[in-house]
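Asks: Make the complex out of the two chains shown on their own, each in a separate frame, by following the hints.
Chains A and B are the protein sequences, given in the same order. Per this note's numbering, the very first residue in the first sequence carries number 1; after that it's consecutive. Per this note's numbering, the very first residue in the second sequence carries number 243; after that it's consecutive.
In case anyone wonders, no lab produced these hints; they're calculated from the structure. All C-beta atoms, glycine included, are put in the ideal place defined by N, C-alpha and C. Among these hints, one or two may not hold up.
Stated by the list, open to error - Between beta-carbon pairs, the in silico distance windows are:
#, chain 1, residue 1, chain 2, residue 2, range
1, A, Glu20, B, Thr252, 41 to 51 Å
2, A, Lys148, B, Thr325, 44 to 54 Å
3, B, Gln434, A, Leu239, 45 to 55 Å
4, A, Arg240, B, Gln384, 41 to 51 Å
5, A, Leu239, B, Arg372, 53 to 63 Å
6, A, Ser17, B, Asp387, 34 to 44 Å
7, B, Gln371, A, Asp178, 52 to 62 Å
8, B, Glu318, A, Asn216, 30 to 40 Å
9, B, Gln434, A, Ala194, 22 to 32 Å
10, B, Gln329, A, Trp143, 43 to 53 Å
11, B, Phe360, A, Trp143, 45 to 55 Å
12, A, Lys148, B, Phe360, 48 to 58 Å
What the hints assert, rightly or not - Covered by chain A, according to a simulated footprint, are these stretches of chain B (three or more residues, beta-carbon under 8 Å):
#, stretch
13, 327-335
14, 397-403
15, 421-434
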Amino acid sequence: MENGIEHIEAYFGKEVSAEESRRFEQAILEDPAFAEEVAFYLSAKQAARDLAEVEKKERFLQLYRQEAPSRPVRTMARAGWVAIAAVVFGALLFSWYLYQKPAAPGKLANRYIEQHWQTLGVSMSSREDSIQTGLRLYNEGKWPEALKQFEIMIRSGNTGPAIKKYAGIVTLRLKDYDKALLYFKQLAAYPLYANPGLFYQALTLMERNQSGDSENAKQLLQQIVKNDLEEKETALEWLRKL
Amino acid sequence: MNSVKTLLHTMDRTLTAGLLQGGIHKRRAEEQLFTSYAYFIKEGIKKYSLQEEDAFDAYSDSVLSAIEKITNGSFESRSSLKTYLYQIFHNKCVDLLRKKTTNKYSVHKTLSIKESLFDISDAARSVIQRLVDKSDWAALRQKLDVLGDNCRKALLLWADGHSDQEIATFIDYKTAAVAKTSRIRCLEKLRQLYKAP
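Bound conformation, chain B alone (with noise of 0.2 Å):
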């Protein structure tokens, strides 16, 4: 019984620490986390009688989720990582039962675009708010698969928390300051493109 707790501890202990290490160490670490408890799907399906897909995608939402809540530091350890993990599926499959989650893309949007606003002063927070919440998020995703491979990957490892060295080493980048440079004209060229008629 020891040992099992031991293995579990030192097995979330592993991956906490490469989803923290971030490059391609969270990577492996993210799709470790996937593959370890992937069996949850089976319990989705046989439990709360969802199809395979939703069960997929439901795990995949709450795994993404706890790397999310790990990597920003919310995740803190007092529960171990598959009671954490479970704990998020099984209320995914209740909202999926209870048919809420009609629009995932939007729900998990404006809770991220929130947390990027929590610092910010009431008044300044509901004019971003506001604006945001008028974007054209197709157009926006659409634009970003016209951009370019480089700057379509630039921007993506970005928006997935990864540092400016991170960016560098995956696209053959010589220095951060390059990564950055180029991703901040990637940001602008993705502007023009949204802006324009």
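Bound-form chain A, shown alone (with noise of 0.2 Å):
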């Protein structure tokens, strides 16, 4: 007989016979133990799906915080359609300028970390843990207080990525280009559903800007771009501009 997981699963997967279905359904008014199997599949299911579900929502109140929220699609009248044309055509204009000549990597990293780290999100719910503490630090401006909170933490034996991005983002803007660059490097390690380990990476060599740290940044933001990674859309725009 199959593993018991397995057989529950391909009840719901809907891979049985409808005999299978029936005595699978019986052996649930039978056999307490195994329904109990089937309670604790569903439940597990439906508890990790909360814990997706949350880790979403903390990734939509970043974005939330990171970018202005967009601006409604609305039927526009004649004079909206050409307000829009016109800034269009300026943009293209002022982009074909910038195209002249490359842009200097320290201004592009400066220009993305003050968008998008000027304050990092904090969840809304009530409960504060340790690294809600370091993140509200963060953004009271106490960045050494806010590293020391997850130095504390990863010396504790804390060693989930977000600790390792959090305590990457401080060190950088502390400017401990090195220290960063370490904690970065430990971020990209992570098997995650988007990692953005790599390009952090190349925002910090970015930043430093020392002898051969563009080149550097180059091939690692050439890589985000071949392997779909995280930013890859910054990734591209840098490549185009660096």
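Replies: Put into structure tokens, the structure is as follows:
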């Protein structure tokens, strides 16, 4: 007989015959241990799904904080379209002008940092854990204290990617580039759904802008584009400008 | 006017296709859906006099609900995605105003598990429902958090509807079969942790 969980999964995945399905439901009625196993399977899936949704909401919160909310798509009067066309034309002219000479890596990095890391998303829940304390300190401009908070967590065995990310960001803001690179390298090693570790390394190199940094940053950006990694669009834009 | 409609229609198709495609495409489509109509949050604040965090919660829950409906095939494209999402958002705002949504986790949970039990016979369903109702959700979530990074990730991806092939790609397992075996081991490990005294 196949593994219990596989058996349950086959039933809910509708991969069993009508007869097997009937036996499965009969077993639920006659075998309390089996019924418990089925209930656990469904509860575990739901609990994991709840957590996945919490993570998605955290991601949404970051997006909401990072970007001004998108403007509604509304039916526009002709004047609206004319205004848009004028803006687009102006933007094209401006991009053409910018395209003539490469942008300084430090400027690009700075702009990104100012746009994305002025504040870091703090959970809206009333519960404050150690990460939230670190983020709050960061948002209050107390960067050394924030870093201390994150490093205490790392030393006490919290090796999650979020800590490495935040520790790297604060270290970068404090201009300790070598240490920031170390944290972002550690972040890049996590098998995450979406891992910005490589991009943050490129960003740090661009911000440091010492001899050879720009070339190394370009290589990392190319790697991001090639492998379709997190921040691919920004990497593409920077590669065009560098 | 027509061009705006065409634009919205194309956007809907792109978003829906991305959500159904799975993997990294799904993630990008989720984020795009969220940002496309994030201005609803402001409407929630203005029109329903909600606090920003409540309006954000209502909107992000609406996006999650729409994603679920699209991926499980319940969204039939009878209206535009924007209209559909706004309807969900409006209902959530009204619920918030009436203070009906006191425990979002349990409301959602009941609905989702009921969906899983849709095809099961009445007698078996009531046995399972009774057992599920006894679950200690906080303990389950806490045990998921101590499972280890890969296990936790694999189970979250699975519960979020990703295939074993996608899980293999995200977590760098060699094949979908390896991802499946690992995921099932993780579930067994979770069960042992949960049942341990």
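Asks: Of the numbered hints stated previously, which ones are contradicted by the structure, given in increasing order?
Replies: Per hint list: 8, 13 violated.
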